[in-house]
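Residue 367 is where the sequence shown starts when you use the numbering used here, and the numbers rise one by one after that.
Hints are computed from structural coordinates only; laboratory data are not their basis. Take these hints with a grain of salt, some might be off.
What the hints assert, rightly or not - Under the rule of at most 30 Å between Cα atoms (straight-line distance), these lysine-lysine pairs were calculated in the DSSO-like manner:
#  : residue 1 : residue 2
1  : Lys464    : Lys425
2  : Lys413    : Lys464
3  : Lys509    : Lys425
4  : Lys434    : Lys484
5  : Lys410    : Lys434
6  : Lys410    : Lys425
7  : Lys553    : Lys589
8  : Lys505    : Lys413
9  : Lys431    : Lys405
10 : Lys464    : Lys553
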Amino acid sequence: MIIRYTLLLLVIFSSAFAQKEVTTNTPSFHSISVYGPFKVILIKGEKSSFVIDYNDLDKEDVIIKSGKDELSIKMKNRNFIQFGDDDSWKKTHHRYAKVTIYYTSLDNIEARAGAEVKANEPISSRHLTLVSKMGSDVKLEVKSETIELESSMGSNVVLIGTTHSFEVKSKMCSDVNASRLASQLVKVSASMGADVSVLALQEINASAGFGGTIRYTGNPTSKETSTFFGADIYSGR
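Work out the full structure: start from the sequences and follow the hints.
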């Protein structure tokens with residue numbers, strides 16, 4: 367009797383888990399936009415699809431759109447999260463969904479409102495655009511001819527890999543660690559408390575203002591820097 371009861375519980379729990387995890391094939395996309403409490407893993411595959419485990423989120427509160435070369439995942443109610451003067455919102459909002467995205471190629475990745483984006487292998491693209499805002503976390507290994515990054519509002523970005531040209535605009539207390547992204551040419555701006563670290567091998571154009579901080583290594587031969595209103599730029603080897 368006890369064994370039967372235990373088996374029944376296992377069946378019930380397995381069924382509940384299966385209902386929360388959904389696999390969906392999608393038209394081919396090259397752009398990803400994630401808004402809200404989603405932990406995303408990117409995996410290169412032979413066709414485009416995604417697997418989502420809603421976990422503690424209500425499926426009805428999640429909007430997923432695929433078309434026009436983009437996959438978009440977001441919360442229906444954009445007021446689900448409120449930002450304060452610190453990171454206390456992260457400690458009080460524990461609900462999230464796990465998403466595994468299978469892609470064929472990517473040239474644009476956007477994360478907002480607490481979304482987390484990682485990849486299990488380097489992302490290769492001729493030109494890669496990254497956007498990280500509103501407390502999002504992006505950690506990627508990349509290999510691209512050119513990379514453009516925009517970060518703001520307390521977001522955290524970690525990039526490693528190689529690129530010929532790297533342009534980053536960071537503001538509003540965001541943190542960008544690209545000290546292991548080997549870049550030949552770097553153009554970087556940091557303002558309003560943003561903190562950016564880059565690795566420039568040939569040329570750097572750096573501008574920091576309003577309490578922003580830029581750190582660069584690589585000993586580039588061409589350097590153009592400017593600071594204003596309490597900002598700092600530091601160079602290292």
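Hints, verified against the model:
Of the pairs offered as hints, the one joining lysine 464 and lysine 425 holds, with about 12 Å between alpha carbons and a cut-off of 30 Å not exceeded. For the given pair, lysine 413 sits about 20 Å from lysine 464 by alpha-carbon distance, which is consistent with the 30 Å threshold. For a cut-off of 30 Å, the pair hint linking lysine 509 to lysine 425 is broken: about 35 Å separates their Cα positions. Under the criterion of a C-alpha separation no larger than 30 Å, the hint pairing lysine 434 with lysine 484 is consistent with the structure, at around 23 Å.
Restraint check for lysine 410 and lysine 434: satisfied, since their Cα atoms lie roughly 20 Å apart, inside the 30 Å limit. Proposed proximity of lysine 410 and lysine 425 is supported: the alpha carbons are some 26 Å apart, at most 30 Å. Taking the CA atoms of lysine 553 and lysine 589, the gap is about 10 Å. The hint holds against a cut of 30 Å. At most 30 Å may separate the alpha-carbon atoms for a hinted pair to count; lysine 505 and lysine 413 meet this at roughly 23 Å.
For the suggested pair lysine 431 and lysine 405, the alpha carbons sit about 17 Å apart, so the restraint of at most 30 Å is met. Proximity of lysine 464 to lysine 553 is assessed by CA-CA distance (about 34 Å); at most 30 Å being required, the pair is judged violated.
This entry does not satisfy hints 3, 10, going by the numbered hints stated previously.
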